[in-house]
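Participant: Given only the sequences and the hints, what does the whole structure look like? Please build it.
In this text, residue positions in the sequence shown follow the numbering used here: the first is 1374, and each later residue adds one.
One or more hints might be untrue.
Claimed, not checked - Listed below are the simulated BS3-like cross-link pairs for lysine-lysine, each with C-alpha atoms no more than 30 Å apart in a straight line: (1) 1495 - 1473; (2) 1375 - 1419; (3) 1473 - 1488; (4) 1494 - 1484; (5) 1473 - 1494; (6) 1473 - 1484; (7) 1495 - 1484.
Said to hold, decoys possible - With beta-carbon atoms standing in for the labels, derived distance ranges: (8) 1423 - 1451: 22 to 32 Å; (9) 1451 - 1511: 28 to 38 Å; (10) 1384 - 1519: 44 to 54 Å; (11) 1480 - 1518: 30 to 40 Å; (12) 1451 - 1525: 29 to 39 Å; (13) 1511 - 1446: 35 to 45 Å; (14) 1445 - 1473: 38 to 48 Å; (15) 1446 - 1524: 23 to 33 Å; (16) 1501 - 1451: 23 to 33 Å; (17) 1414 - 1451: 16 to 26 Å; (18) 1441 - 1497: 22 to 32 Å; (19) 1484 - 1515: 19 to 29 Å.
Calculated directly from the structure, the hints in this document are not laboratory data.
The beta carbon of each residue, even a glycine, is placed where N, CA and C say it ideally should be.
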Amino acid sequence: MKSRLFRTLAISMATVLFSTGCMMSRLVDRAFLGITVRRPTYIDRKTTGIFLLPFTFVIDVATFPIQALLVVILGDNFPFTEPADALTGAQAMIDHPRFKQLGEAEQAIAKAELKQLILDKKLTPNTALALGEDGHWTLVELSADTRNQLIARAQQPLAPEALVCER
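Facilitator: Here you go:
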């Protein structure tokens, strides 16, 4: 009896830890655990998160119909807004060797313009950016087909070098 209860409790805790899909569980995960996000809000509070997770799981189960309705009406990420992917892409562009070849003044211009483009929300999934030698960005709108072709081309491994036999 005692081992069965302990086994059930352990399975329940494992389920709760890895099923952070409901609102309260996601809130605890984002704040304390960091399972579904890069960095939790409170880094040194994992024990607190593990302690709170069973309680939030019970609340999530009790309010599941309401949460399901809200998700259907307001979208998958309700009430949490995910950080913009544009910021991640912007950091990747700044780390690019072409960006590092620019002078300090051009880098400052490029960073300021990129930040303004992100704030003005001019970047969409179908927008391509080209960095000029003067530090200015050129925006190009792509069709869905062109975008898919670029993604496929970028994911292909590099072409092997030509093999030459020496005699």
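Participant: With reference to the structure, classify each hint as holding or not holding.
Facilitator: Here's how the hints hold up against the structure:
1. 1495 - 1473: Holds - the C-alpha atoms of residue 1473 and residue 1495 are around 24 Å apart, at most 30 Å.
2. 1375 - 1419: Holds. Residue 1375 to residue 1419 sits at ~28 Å (cutoff 30 Å).
3. 1473 - 1488: holds (17 Å)
4. 1494 - 1484: holds (15 Å)
5. 1473 - 1494: It holds: about 25 Å lies between the C-alpha atoms, which stays within 30 Å.
6. 1473 - 1484: Cα-Cα ~12 Å, so holds.
7. 1495 - 1484: This hinted pair holds, its Cα atoms lying about 15 Å apart.
8. 1423 - 1451: 22 to 32 Å: Given a distance of about 25 Å, which is inside 22 to 32 Å, the answer is holds.
9. 1451 - 1511: 28 to 38 Å: holds (36 Å)
10. 1384 - 1519: 44 to 54 Å: holds (49 Å)
11. 1480 - 1518: 30 to 40 Å: Given a distance of about 34 Å, which is inside 30 to 40 Å, the answer is holds.
12. 1451 - 1525: 29 to 39 Å: holds (32 Å)
13. 1511 - 1446: 35 to 45 Å: Given range 35 to 45 Å: holds, Cβ gap about 39 Å.
14. 1445 - 1473: 38 to 48 Å: Cβ of residue 1445 to Cβ of residue 1473: about 46 Å, so the range 38 to 48 Å holds.
15. 1446 - 1524: 23 to 33 Å: Between residue 1446 and residue 1524, where Cβ atoms are some 32 Å apart, the hint holds.
16. 1501 - 1451: 23 to 33 Å: Roughly 30 Å apart at Cβ, these two residues keep to the hinted range, so it holds.
17. 1414 - 1451: 16 to 26 Å: This hint holds: roughly 19 Å between Cβ atoms.
18. 1441 - 1497: 22 to 32 Å: holds (30 Å)
19. 1484 - 1515: 19 to 29 Å: The hint (19 to 29 Å, Cβ to Cβ) holds, given that residue 1484 and residue 1515 are roughly 24 Å apart.
Every hint, counting from the list given before, is met by this structure.
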